[in-house]
Every structure is written in structure tokens, then in C-alpha cells.
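Work out the full structure: start from the sequences and follow the hints.
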Amino acid sequence: MRSIDYNYIGTMIGNLFGVPIHIYKNNSLIFYHSTVNLIKDPISIYESDILKISEQINYFLTTRFNYFGILNSKDYKIVIGPTSQVPNSIPVLRELAFQLNVAQTDVDDFINAMQEIIHMPLESLMQILCFLNYILNNEKCSLHDVFINDSLQKQFIRSINTLTADRLFSKEPSGLDPNLRNTYDWEQHVMNMIRRGEYTSLSQLLNNMPALKIGTMSDNHLRQLKNTFIVTATLASRSAIHGGMSPDDAFPLSDNYIQKCESTNDYYEIINLRHLMIIDFAKCVYEMHEGALDSQLVSDVSNYIIHHMSESITVEAMSKEFFMSRSYLSKRFKAESNMTLTDFILNKKIKEAKYLLHYTNKSLTAISVYLGFSSPGHFSRVFRKYVSLSPNEYRKKHIT
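All letters in the sequence shown, in the order written, are residues 41 to 440 by my numbering.
One thing to keep in mind: the hints can contain errors.
[What the hints assert, rightly or not] With a straight-line Cα cutoff of 30 Å, these simulated DSS-like cross-link-like pairs (lysine-lysine) come out:
#, residue 1, residue 2
1, 437, 388
2, 437, 425
3, 436, 391
4, 425, 391
5, 180, 266
6, 374, 300
7, 323, 360
8, 360, 371
9, 360, 388
10, 80, 65
11, 402, 391
12, 437, 394
13, 92, 266
14, 80, 391
15, 437, 402
16, 92, 114
17, 371, 323
18, 374, 425
19, 374, 402
20, 394, 80
21, 114, 180
22, 425, 360
23, 323, 394
24, 394, 436
25, 425, 394
26, 391, 374
27, 436, 425
28, 437, 360
29, 425, 402
[To be verified] Simulated DEER-style distance windows between Cβ atoms:
#, residue 1, residue 2, range
30, 47, 424, 49 to 57 Å
31, 115, 337, 55 to 63 Å
32, 47, 284, 51 to 59 Å
33, 94, 378, 55 to 63 Å
34, 364, 58, 39 to 47 Å
35, 327, 88, 32 to 40 Å
36, 378, 284, 43 to 51 Å
None of these hints come from the bench; they were simulated from the model. Ideal placement from N, C-alpha and C gives every residue a C-beta, glycine not left out.
Structure representation (C-alpha cells):
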């Protein structure tokens with residue numbers, strides 16, 4: 041029986057495709073190779089979930105649309121990634137650096153290194169794994185063995201993405217495909233978007249999401265689907281309440297959707313209803329804070345802040361984005377919103393800071409850096425101005 045040099049295979053694959061590669065034996069890392077120097081390894085965030093995946097060929101999809109390809113061969117697990125089809129934006133990479141606790145002085149180097157990783161479609165990554173599967177497991181396979189079959193995609197072309205979304209929020213029953221174990225990651229991302237009222241971005245996310253392999257459903261799959269819908273309604277209503285929606289409005293809306301779900305026995309109608317419900321809750325939060333009759337400018341400014349939350353946002357940069365002079369943008373925004381641009385920006389940032397203080401254990405320094413403040417002291421002064429509490433006082437008040 042020939043001996044397999046896993047280190048040689050890993051080095052060649054990493055050099056050939058320009059993507060980091062990890063090799064585990066009995067779930068212990070024995071080899072790592074990357075053509076770029078990453079200060080912190082992104083796999084550390086997802087490693088425990090990735091190591092649970094036992095299918096011979098699979099992949100793990102993150103909330104940022106990065107993916108890791110996974111191949112199991114006896115006691116060995118080969119993990120290729122992260123990579124993505126398109127480059128991640130700077131704000132997304134800053135958020136990743138924040139999650140990895142990258143020192144502020146190293147963030148730019150980390151971002152530059154991440155940008156050097158070769159991008160490839162998920163299908164290309166899976167082709168590499170199919171090839172490795174033949175070498176290591178002596179089994180031939182194709183993408184049809186990994187992804188949803190073509191006939192199903194054609195039959196439900198308009199709803200396949202919402203079908204995928206359906207599986208994102210379910211509590212995984214025993215026996216489901218291991219690639220669904222990143223459900224919590226997706227759930228948190230979507231629920232955060234509801235909390236922030238990002239209904240436009242959320243709609244795009246659900247409509248353009250890469251298709252995930254669907255796990256085998258039980259015989260009573262309609263009841264399972266309805267139960268999953270109820271779970272989603274509960275989570276969505278709570279996220280909307282966290283975003284400022286009144287419980288008196290959120291709970292009846294949730295009940296209405298659940299009632300509608302229970303009244304239908306059509307599988308795809310339920311899936312589309314779920315899509316509508318998620319967007320509806322996000323839109324309710326948006327309208328709570330921005331107002332249903334907000335001008336296009338106020339809406340555009342709000343979206344700009346959301347997508348540049350981790351940067352030091354300036355009126356000058358925003359004026360260039362909207363092709364207006366700084367003075368004209370400031371005057372027009374004040375006239376249409378009854379608020380200065382600076383106050384509007386800081387209100388958004390402090391709202392996000394309150395959430396991070398309440399629901400994460402990140403330090404004040406980390407939060408201040410992530411939100412683009414010049415120093416923790418500056419962050420604390422601004423926070424106290426808008427909340428009448430220091431960040432520490434706010435955190436203590438809301439964790440007891």
C-alpha cells in the first residue's frame with residue numbers, strides 16, 4: 041500500500057491555487073501552508089464547526105460569503121480556504137479583524153494579506169476537492185454529487201434562494217447533513233440585519249445567496265417546515281424588538297405570520313412567506329428609526345453609514361460619494377432630516393456600540409477602534425453625551 045505524503049500535497053495545492061490549506065489528523069492540526077502571511081488565521085473562528093463536518097466532500101460557508109472546502113480521508117481532514125468568489129470589501133475585512141482580535145497596528149497588514157488570497161467560485165473549489173478525493177479516496181465524483189441537482193434548480197429557479205434561506209434558521213435535528221451546522225452563524229448575521237433595519241441589503245442577501253446542499257427531511261417534512269417557520273418568527277420578532285420595534289407591534293405581527301403559515305400546506309408558499317416575513321420585520325425597524333417618508337438622501341446617507349460603520353466617517357468623504365459639495369450636503373441633510381450630519385452619524389455609531397456592549401464581551405478599546413473612534417476616551421465621551429451613561433455603566437446595567 042503506497043504511502044501518501046499529505047504535506048507535499050498540501051504544499052502543492054496551496055502554491056498552485058494561492059489559497060491557505062490546513063491538514064488535520066484526528067482533528068489535530070498537523071500541517072498549514074499559505075502563500076500569504078496572515079497575522080491571524082480566519083479559520084480559528086469556525087474551526088470547531090468545520091471539524092464536526094464528517095461528509096467525505098463538503099464546504100463551510102461563512103456570513104461574509106467566504107468558504108472553506110473540506111475533504112475527509114480516513115483519519116485526515118483537508119481544509120482549503122478561506123476564499124470567495126469576489127473580493128471582500130474593506131469594512132468586511134475590518135469586521136473580520138475585529139472578530140479575530142487583530143491588534144489595531146496590524147489591521148492594515150491583515151487586510152492586505154487577505155486581499156492577496158486568490159478568489160475562486162465555490163464550484164472551482166469543489167472541483168479541487170473532487171480531484172483530491174480521487175487521489176486520496178480512490179473515488180470519482182462530480183459537482184452533481186456535491187450540489188443540488190440541476191432539475192431541482194430549474195424547476196424552482198425563482199425560489200431556490202429562499203429555499204436555501206429556509207434551512208439557515210432551523211434548529212438542526214440529528215441526522216441532517218453536517219454542512220448545515222453553520223446555521224447559527226447565518227442566523228446571527230440575518231438577525232443582526234433585522235435589528236439594524238437593513239431591509240434592502242437583507243433582501244439582496246436572501247435573493248443572491250449561494251445555494252447550499254439541502255439535508256434529508258423527515259417524512260413529516262411539512263410539519264418540520266412549519267416548526268422552523270415558527271422558530272424564525274420568534275427570532276425575527278426578538279431581533280426587531282432589540283432594534284427598537286415595540287413588543288406591542290412585533291408580537292402581533294409575528295402571530296399573524298404564524299397564523300398564515302399554519303393555514304397553508306404548500307411547501308414553497310411557506311418558504312416565500314418566510315422570506316417576506318424576514319424583510320417585513322427589517323423594514324419595520326428601518327421605518328421606526330428613519331421614518332416611512334424619509335427622503336432619498338436620508339436613506340442613502342443611512343445606508344452609507346451602515347456600510348462604513350467601522351470607519352472614521354467624515355462629511356467630506358460622504359460629499360464625494362454623493363457628488364455634492366460639503367456645505368450643500370450638510371444644509372440639505374439638515375433641512376430634510378432636522379438633524380445635523382454629525383449627529384446622525386454619531387447616533388448610528390452609538391446605537392451599534394450599545395448593541396456590542398450588551399451582547400458581546402468585546403473590550404471598550406476594541407469597540408471604539410471597530411467603530412472608528414480616535415481613542416477609547418473619545419468613544420466614552422461621545423457615548424456619555426448621547427446615552428447619559430459611560431460605556432461601562434451601560435454594560436453593567438444591561439447584563440444584570
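Structure-based check of all given hints:
With a C-alpha separation of about 21 Å, the suggested pairing of residue 437 with residue 388 holds against the 30 Å cut-off. Restraint check for residue 437 and residue 425: the C-alpha separation of about 17 Å stays at or below 30 Å, so the hint holds. Distance hint between residue 436 and residue 391 is fulfilled; the C-alpha atoms sit about 17 Å from each other, no more than 30 Å. This hinted pair checks out: residue 425 and residue 391 have alpha carbons roughly 13 Å apart, not beyond 30 Å.
Our distance criterion of 30 Å between C-alpha atoms is broken by residue 180 and residue 266, whose separation comes to about 38 Å. The straight-line distance between the Cα atoms of residue 374 and residue 300 is roughly 42 Å, outside the 30 Å bound, and the hint therefore fails. Restraint check for residue 323 and residue 360: the C-alpha separation of about 28 Å stays at or below 30 Å, so the hint holds. At roughly 15 Å between alpha-carbon atoms, residue 360 and residue 371 fall within 30 Å of each other, so this suggested pair holds.
A C-alpha spacing of about 20 Å is found between residue 360 and residue 388, which places the hinted pair at or below 30 Å, so the restraint holds. Annotation: proposed proximity of residue 80 to residue 65 holds, straight-line Cα distance about 22 Å (limit 30 Å). Taken as a hint, the residue 402 and residue 391 pair is honoured in the structure, with Cα atoms around 16 Å apart against an allowance of 30 Å. Only pairs whose Cα atoms come within 30 Å are accepted, and residue 437 paired with residue 394 is accepted, the gap being roughly 11 Å.
Note on residue 92 and residue 266: the hinted pairing holds, with a Cα-Cα distance of about 27 Å set against a maximum of 30 Å. In summary, the hint linking residue 80 to residue 391 is supported, as the alpha carbons are separated by about 29 Å, within the 30 Å threshold. Using a Cα cut-off of 30 Å, the hinted pair residue 437 and residue 402 holds, with the two alpha carbons roughly 16 Å apart. Straight-line distance between C-alpha atoms of residue 92 and residue 114 comes to about 14 Å, which keeps the hinted pair within the 30 Å bound.
Only pairs whose Cα atoms come within 30 Å are accepted, and residue 371 paired with residue 323 is accepted, the gap being roughly 27 Å. Simply put, residue 374 and residue 425 have alpha-carbon atoms about 20 Å apart, close enough for the 30 Å limit, and the pair holds. Between residue 374 and residue 402 the alpha-carbon distance is near 34 Å, which puts this suggested pair outside the 30 Å criterion. Distance restraint check for residue 394 and residue 80: the Cα-Cα separation of roughly 27 Å lies within the 30 Å cut-off, and the hinted pair is therefore satisfied.
Our distance criterion of 30 Å between C-alpha atoms is met by residue 114 and residue 180, whose separation comes to about 16 Å. A distance of roughly 29 Å separates the Cα atoms of residue 425 and residue 360; the hinted pair therefore holds under the 30 Å criterion. Proximity of residue 323 to residue 394 is assessed by CA-CA distance (about 21 Å); at most 30 Å being required, the pair is judged to hold. Restraint check for residue 394 and residue 436: satisfied, since their Cα atoms lie roughly 12 Å apart, inside the 30 Å limit.
For the proposed pair residue 425 and residue 394, the alpha carbon gap of about 13 Å is at most 30 Å, so the pair holds. A hinted pair counts as satisfied when its Cα atoms are at most 30 Å apart, and residue 391 with residue 374 qualifies at roughly 20 Å. Note on residue 436 and residue 425: the hinted pairing holds, with a Cα-Cα distance of about 18 Å set against a maximum of 30 Å. The suggested pairing of residue 437 with residue 360 is violated, with an alpha-carbon distance near 40 Å, which exceeds 30 Å.
Of the supplied pair hints, the one linking residue 425 and residue 402 holds, its CA atoms being roughly 21 Å apart against a limit of 30 Å. At about 55 Å, the beta-carbon gap between residue 47 and residue 424 stays in the expected band of 49 to 57 Å. For residue 115 and residue 337, the hinted distance range of 55 to 63 Å is satisfied, since their beta carbons lie about 59 Å from each other. A hinted range of 51 to 59 Å for the beta carbons of residue 47 and residue 284 is consistent with their spacing of about 53 Å.
At roughly 57 Å, the beta carbons of residue 94 and residue 378 sit within the given window of 55 to 63 Å. At about 41 Å, the beta-carbon gap between residue 364 and residue 58 stays in the expected band of 39 to 47 Å. A beta carbon spacing of about 38 Å between residue 327 and residue 88 agrees with the range 32 to 40 Å that was offered as a hint. Taken as a hint, the range 43 to 51 Å is violated for the pair residue 378 and residue 284, whose Cβ atoms sit roughly 18 Å apart.
The structure does not agree with the numbered hints 5, 6, 19, 28 and 36 stated previously, though it agrees with the rest.
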